[in-house]
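Residue numbers (UniProt numbering), protein chains in the order written: chain A, 1 to 595; chain B, 1 to 407; chain C, 1 to 394.
Do not take every clue at face value.
What the hints assert, rightly or not - Straight-line Cα separation of at most 20 Å, SDA-like style, residue types lysine to any residue; simulated pairs:
{"#": "1", "chain 1": "B", "residue 1": "K242", "chain 2": "B", "residue 2": "Q170"}
{"#": "2", "chain 1": "B", "residue 1": "K285", "chain 2": "A", "residue 2": "S153"}
{"#": "3", "chain 1": "B", "residue 1": "K207", "chain 2": "A", "residue 2": "E559"}
{"#": "4", "chain 1": "C", "residue 1": "K18", "chain 2": "A", "residue 2": "T267"}
{"#": "5", "chain 1": "B", "residue 1": "K283", "chain 2": "A", "residue 2": "Q152"}
{"#": "6", "chain 1": "A", "residue 1": "K374", "chain 2": "A", "residue 2": "V322"}
{"#": "7", "chain 1": "A", "residue 1": "K143", "chain 2": "B", "residue 2": "D275"}
{"#": "8", "chain 1": "A", "residue 1": "K143", "chain 2": "B", "residue 2": "L311"}
{"#": "9", "chain 1": "A", "residue 1": "K143", "chain 2": "B", "residue 2": "F264"}
{"#": "10", "chain 1": "B", "residue 1": "K285", "chain 2": "A", "residue 2": "T267"}
{"#": "11", "chain 1": "B", "residue 1": "K242", "chain 2": "B", "residue 2": "A193"}
{"#": "12", "chain 1": "B", "residue 1": "K390", "chain 2": "A", "residue 2": "V326"}
{"#": "13", "chain 1": "A", "residue 1": "K415", "chain 2": "C", "residue 2": "E228"}
{"#": "14", "chain 1": "A", "residue 1": "K234", "chain 2": "A", "residue 2": "L84"}
{"#": "15", "chain 1": "A", "residue 1": "K317", "chain 2": "B", "residue 2": "N266"}
{"#": "16", "chain 1": "B", "residue 1": "K135", "chain 2": "A", "residue 2": "T267"}
Think of the hints as simulated: they come from the structure by calculation, not from any bench.
Remember, it's a predicted structure, so these values are computed and weren't measured experimentally.
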Amino acid sequence: MTNRMFNWLRNPVHLIGIAALFLLSYTIIWPVMRIVSTTFFWRQQDTRLTGEANPGHFTLYHWERVLASDMSYSLFYKPIMHSLSVGFAVSALSMVMGCGLAWLVVRTNMPLKKTITFLAVIPYLLPSWILSQAWLTFFKNGKIGGTPGILQSLLHVSLPDYVSYGFVPIVITMSIHDSVFFFLLVGAALSSMNSQLEEAASVTGARRLTILRRIVFPLVMPSILSGFILIFTKAISSYGVPALLGAPVNFHMISTMLYSSMRSRLTTEANVLSLTLMLISMLTIYMNQRVIGRRRSFVTVTGKDSAKTLTPLGKWKHPVAVVTVVVMILTALVPLLILLLQSFMLKEGDYSLSNLTMHYWSGGSDPNINTGEKGVLRNPIFKLALRNSLYIAGVAAVLAAVIGLILGYVVTRSKQSWLGRAVDQVSFLPYLMPGISLAAIYISMFAKPTLFIPALYGTITLLIVITVVKELPFTVKAGSASMMQIGRELEEAAQIGGASWFTRFRRILLPLNRKSLVSAFLLVFISAMKEMELIILLVTPRTETLTTLTFYYAEKGYEQLTNVILMMIIAIVIVVYIVAVRFGKADLTQGIGGQ
Amino acid sequence: MYHKKKSLLAMIMLICAITLMTACGTTSKDEPASKETNASADTAAPAADNAGNGSDASAAASTETVEELYAQAKEGGKLIVYSTSGRANDAAETFMKQYPGIEVEVSKVKSDEMMDKVTKEQDAGQFNPDVILTKEVSGAVYEEMVKQGRYIKYLPEEFAPMVDEPYRTQAEAYANYVEFRTIFYNASTYSQAPVTNWWDLTTPEFKGKVYTADPLSSPAFMDLFTTMVINSDDMAAAYKAKFGKDIELNGTENAGYAFIKQLFDNGLIVLKGSDDVLDAIGKAKSDAVGLAVSGDVSKNEENGWTIAPILDIQPKTSVPDSGYLFIANKAPHEAAAKLFIRWMMGEKDGTGAGMEPFNKLGSWVPRSDVKTQNDVAFEELNLWLFDGEKLYNTAPQVRDFWIKHNS
Amino acid sequence: MGATAIELRDIQVSLDRKPILQDINLTIERGDFMTFLGPSGCGKTTLLRTIAGLQKVEEGTIAISGKEVANGATDFHLEPSKRRLSLVFQSYALWPHMTVYDNVAFGLQVRKMPKPDIRKSVYAALDKMRIPELADRYPSELSGGQQQRVAIARAIVTEPDILLLDEPLSNLDAKLRVEMRAELKRIHQELNTTIIYVTHDQHEAMTLSTKVAVFFGGRIVQLDRPRELYKHPRTLQVAQFIGNTGLHMNAVDGRMIGDSSSGYRLQTPLAVVPLEHASSVHVGREVVMTVRPEDIKLLVNRIPGSTAATVEAIFPSGADTHIQLQAGGASMMARVMGEPDCEPGNLLFMHVDTEQINLYDKQTGVRIEHRHTRQQDERAKENDHNENRLSYSR
C-alpha cells in the first residue's frame, strides 16, 4: 500500500497536484472556511443587533436575519433579484455585442480589423466606473442635478429615470466594459474553427442563418458559456457601477449591500452576503458543466491551420466597418481622451485653451491649487508607488502565469481523476470571493510566522501573494486551455528521450505554451495595475502603489491628480500590451481561458 | 531562425522577470530605511517599557518636554501614521522640516478598514502604527478600539486648558479637527440659507430637491440620522416649533425615524458620495439642497461650485465628525508619536505649522486659543453630542430602517 | 538471434477503470519485426505505450532483455528512459520550437553527452535517414515524409535496443507510404534492432513484419507469421479484418453434411466442397466459408465442381481486375490477372480452390481445421482446364 502511494506520488503530475492542493487549501479553502464559520457564531459586535447575542456561541441568527426575517426582503431578496437580473442581462448583452464583433472580425471581410481589435480591448483597460461616469455625462436627467446631461441640453427633453439611472445604464455600461471577454473568447473559437465545416453545410443548401444556428453556434457554445460565467460572476459582484448609477433610484444589488455592511462594521452580515454570491456563482458553474458536459472538447484545436474563407459583406463592407469604429471610439476612446484632457485642465469644466496646464503632471507646489499639492511627477511618493506597482504587477503576473500553467498542466493531465477536478474547481474560488474579505483574512493569516511561512504582512510579498491567488482562476483556465492544445506525445517523446520532468517543462512545455503564458502575464498585469480593493487593507507606507495613491488624491478631492495617475496606469498597461502583442505574440484571448 | 528568436525572447522575458524579482528583493533589503526600522523596532520596544506603560492613557498625558521627546525620537526609526485623511501627510512634511532626523510615513486607510487592520495586526503581535488619525465609525472606534486599549488617548497636560469640550474630558480622545454633515445650498441661487429647521426639508418646497450621499455606503452620514433618532425629543420639539403642532409618528418609533420617513416621502435622492451631492447642487444654478461634509466647502474653487454650508439649523445643526488623534497600543516609536501629535495640534501655543492643514474652511480646531477660518467659532456651533455608545448600539436599527424604507 | 527481447506475461491494463488489455502473453525475439495489427480501439497502441513505460500495468510483468521493467503485483515501474527503447509517435510529436538538429539531439543533450559526440551521432542518424540537409529547418517547414524521417532519426539516435513505431505511416499519402515502407525495411535490416510496429493496415503488416499479432477487444487473437496469417486467419473476425480494405475476402454461409462412409462435405450455395479431415462431430454445424478472390477461377465453360455465376461489375485496377459475381444468392469477388474478356451480365463459371478455403464455426467464429496444415510451399495442383480459363488467377 505504501509502495503504491509512493509510486502514485512519483508521477510528477500527482506530486505537483498534491502540492498544489495543499497550497490552494491554505490560500483559498482555509479563508473560505473561516468566512463560513464566522457566520455561525455570535460576535461581540452582534450585541448591537440584538440583545440575544451571546458572543462565541453557535447561532443561526445571521442567516435567519438575511434569509428569513422582516429585513430579508429589502436586505436580500430584492437586491438578489436585481443582482441576478443584472447578471443575466449583462451576460446576454455582452454576448450579443461580443459575439457579433467577433464574427465580424474573424469571419467577414470587413476592413480595419486590426484597428477594431485594438480598440475593442481598450474598455477593458479602463476602470468600469469611468464608463458609467461617461454615461451620466451624456444621459443624466434633471433628477440628480448638476450640469445637465449632454443629450438633455441638446434635445431639451428630460430623459426618463430608467434611461438615466438604475438597471438600464448599469447593464449597458457593464456590457460595454465586459463584452471584450466574449469578443476574445468567441473570436478565438471562431478562428480555430475550420471553415470547411461551414462550407460543408452551405453545400447542402442551408441558408446562412441556419448555418449559424446549426453549425457555428453549437461549435462555439463552450466558449460562449465560459464567457457567460466569467461575465455573470463579475457582474453580480461588481460594486462601482451599481453604486454610481443605482443609488439615485435606490437600485441595490447584493454587492452594494455587502459593501454597506462592510463599511457599517456588520462584518458577519457582509460574510453571509458574500457567501450567497459565492453560492450563486458556483451554481452557475455547476449548471454550465451540466450543459457543456463532454462537449467541451469540441473546439479543441488540432493545431493545423486550416484555410479560412471569409463571408463577404458586399456593399455593407464599408458601412459596417465605419459604424463599428465609430461605436468603438465612442465607448473606448472618448472616455479615455476626456480623462486625458481633464488631467491638463487647471479648473474642471473650463474648456478654454488658457485653462490647459501641465501643473498636475509636473508642476511645483502652488498654495492656490489643491492646497499646494505638487504635480504627480514631483510627488516623492509617486516614484515609490510606481516602482511598487510595477514590481507587484510584474512579479505577480509572472508568478500567476507560470503557476497557472503548472496547475493547468495538472488539470489537463489528470482530467479524469479527482485530483485534476479538485485543482480546477478550487482554483476558481478566489474569483468569487470579495477581494476585501480575502484581504482581511490574509492579515491575520500572514501577520505572524506560521510553520515555514514567515510573517509576510507589511511586505510586498504578501501583496504579490494575494494578487496571484486572486488571479489564479484566469491563469489556471488559460493554462489548461493552452495545455489541452499540446499533444501529450510531445511530452512523452521527451520522457522517452530521458528528460526529467523539470527538463520537460523547461524545454518543451514552457516554450510551447509561450504565447498563452505571455497572454496570461499580460492579463494579470493589467488587473494588478488596476487593483485597489484587494490590496488597500494590506498596504503599508512602504508598499504604497499607484492605485492607493489615487485613493489618497480622490479622498482629498484632487480630481485632476487622480486622472493623471489613472492616465499613467493606462499608459503603462497599453505600452506593456503593445510590447507583449508585438514581441511576445501575446493574445489576450488565451489569457482569459479561451481555446 | 524565426522560432529560435521567439523562444529566445521567452527566455529573456523570464530571466528579466526573475532578475526583476531578485533585484527588487535586494533593493528593498538594502534600503536603509527598512533596515533601520527593523533594528529600531527591537531597541524601541524595551525603551517603551522603560518609559513606563505604553497602554496607559494617563501616563501618556504626563508632562514631557519637546526636547526630551525629540531626543528620544531621533534614536527611533520611522514614525508610522495611519490616517483617514491626507491632512496628516501635509502635517508630516512640515514636521520633518521642523524635526530633522525623524522620518514619517503616512498610510491612508478608511476608518473602518483601519480598525480591521489594526485589530488583526495587534492580535498577531504586530505593532506597526504609532499615530492614529481617524474618524468615528458610528461609535465602533470607541467601543471596539478605544475601550479595548488598541487606540490610546493622548492629550498633553499642558495643552488641556486650551482645548474645548467635549474634547478636553468628555470625548474618547482629542480631535484635531471637527467637521460635520450639514445642508449645503447654492449661494448663487439663494442669498441666505434656505433652511433653518431640519423639518423644512420635508415641506413641499423641497420635494425632490434634497440630495444626500448614500448613508449605506458612507456610514458617517448615517450617524447624523442615528443621532436624530437618539435625540428624538429634540426633533419632536423642532417639529412643533415649525408646524405648531405635535408630530404624528404614523407608526414609526419616534420623531427621528418619522423625520427619515418623511424625507423619503418627500423624494429624497440618494447619490453615491458627498462630491456627487455637491456637483448636483453646485455645478449649475440649482434650488436644490444637499447633505455634505462641512469641510467640502474648501473645494469650491477647484470644482467650480458655488456652494455654502448652513451652520445653524434647528434643533441642532448636526453631530460632530471628529478627526481623533490616538497613539496606537504598543507604538514602537512612542516619543516620536507624541511629538508628531503635538505638532499636529499646533504645539502648545497653537501656532505651529502642523495645525495648518486642519484649520480650514469648514473644519474647526477645537482649541480656544486658535483662530478659526470660519465665520462661526467652534463653541458657537450648535451641535449634538457624539454619544459613541448609544450610536454604536442604535446605528444598526437605523440602518435597518433605512434599508427597509428606501429600497 | 533467438534471444528474447521482450517478454510480456499476463498483462492487464485499464484506462479510466475501463479494461483495455487483458491476458496479454507475448514473447518477442531479438531482431523481430513484430507488428501489432487490429482495428482502432483494440488496445494495440495501449500495449505499445505499456511496453514503452508510458502506461502502467495493473497486472502481469514485462521483461526487456531478460530484465524486469514492470510488475503489476509489486507495482514496480521502470522509467521509460531506462528501458533502452525509442518510440515514434503517430503524430511524429516533433517539437515545433526546435530545429531538426535540436529535435534529434535532445535525447543526447539530456544524457549530457559531450557536444562533439552529439553532433556526430545526430548527423549519423540524419544520414541514415538520408536527410542531413534538413538539420537547420523547423518541423513546420518540412513535408510529412520529411517529418517522418526526422521522427525516426530522433528515435534511432540513442541507439535503442527496441524501436517502437505507432502507426507511423498513417499520416502519409499513398506514394510516400510505399516509399517509407521500403525505408523502414531497410532500417530494420541495417540496424538489426527489434522493432514493434503498430498499424491497422494489414497490407503494411504483411509486407513489413516477421511476425504479426492481431488484436481484438484487448486480446491477442492470433500470433503468426504474415503468410500464415494471410492464409489461415484464426477467426472469422480476423479473416474479415484481413479481408478488409484492398484485400477482399469472400464469405459464404454453409453447412457440414455427410457421414463417415460417404465422406464429409460442406454444402454452400456455391458448391458442395468435400472435406478431407472433418469428422462426425462437425456434421450439421453452420459454418462460414471464406475464400480469397484470387482463389476463385473463372471459366467460360462449366467443369465439374464449378458454379454458374453472373458478372455484376468489373473493377479493373491495372495489373489485375476484380470481378463481382452473383452466384446462388451470394455475392462474390474474384480476381483475375490482366484484362478479362467479359462484361456485366455475362454468365461465367467459377471454381473455388478448396485447398485455399477456410471454414469457421458460425457460432463461435473459430476456424475449423478441416485438413492437415499444409507445407508453406505446397501449392494447389494445377488443374486440367487451362484452355478453359478466362485468365490466370496467379
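Here's how the hints hold up against the structure:
Taken as a hint, the B/K242 and B/Q170 pair is broken in the structure, with Cα atoms around 32 Å apart against an allowance of 20 Å. As the CA atoms of B/K285 and A/S153 are separated by approximately 14 Å, the hinted pair is consistent with the 20 Å bound. In summary, the hint linking B/K207 to A/E559 is not supported, as the alpha carbons are separated by about 31 Å, beyond the 20 Å threshold. Among the hinted pairs, C/K18 with A/T267 is inconsistent with the structure: their alpha-carbon atoms are about 50 Å apart, more than 20 Å.
Our distance criterion of 20 Å between C-alpha atoms is met by B/K283 and A/Q152, whose separation comes to about 16 Å. Restraint check for A/K374 and A/V322: not satisfied, since their Cα atoms lie roughly 43 Å apart, outside the 20 Å limit. Taking the CA atoms of A/K143 and B/D275, the gap is about 16 Å. The hint holds against a cut of 20 Å. For the hint linking A/K143 to B/L311, the alpha-carbon distance of about 26 Å lies beyond 20 Å, and the restraint is violated.
Under the criterion of a C-alpha separation no larger than 20 Å, the hint pairing A/K143 with B/F264 is consistent with the structure, at around 15 Å. Of the pairs offered as hints, the one joining B/K285 and A/T267 is violated, with about 41 Å between alpha carbons and a cut-off of 20 Å exceeded. With a C-alpha separation of about 16 Å, the suggested pair B/K242 and B/A193 falls inside the 20 Å cut-off, and the hint holds. Pair hint B/K390 plus A/V326 does not hold up; C-alpha atoms about 57 Å apart against a cutoff of 20 Å.
Note on A/K415 and C/E228: the hinted pairing is violated, with a Cα-Cα distance of about 43 Å set against a maximum of 20 Å. Restraint check for A/K234 and A/L84: satisfied, since their Cα atoms lie roughly 12 Å apart, inside the 20 Å limit. Taking the CA atoms of A/K317 and B/N266, the gap is about 54 Å. The hint is violated against a cut of 20 Å. Proposed proximity of B/K135 and A/T267 is supported: the alpha carbons are some 19 Å apart, at most 20 Å.
Violated hints, listed in ascending order, are 1, 3, 4, 6, 8, 10, 12, 13 and 15; each of the other numbered hints is respected by the structure.
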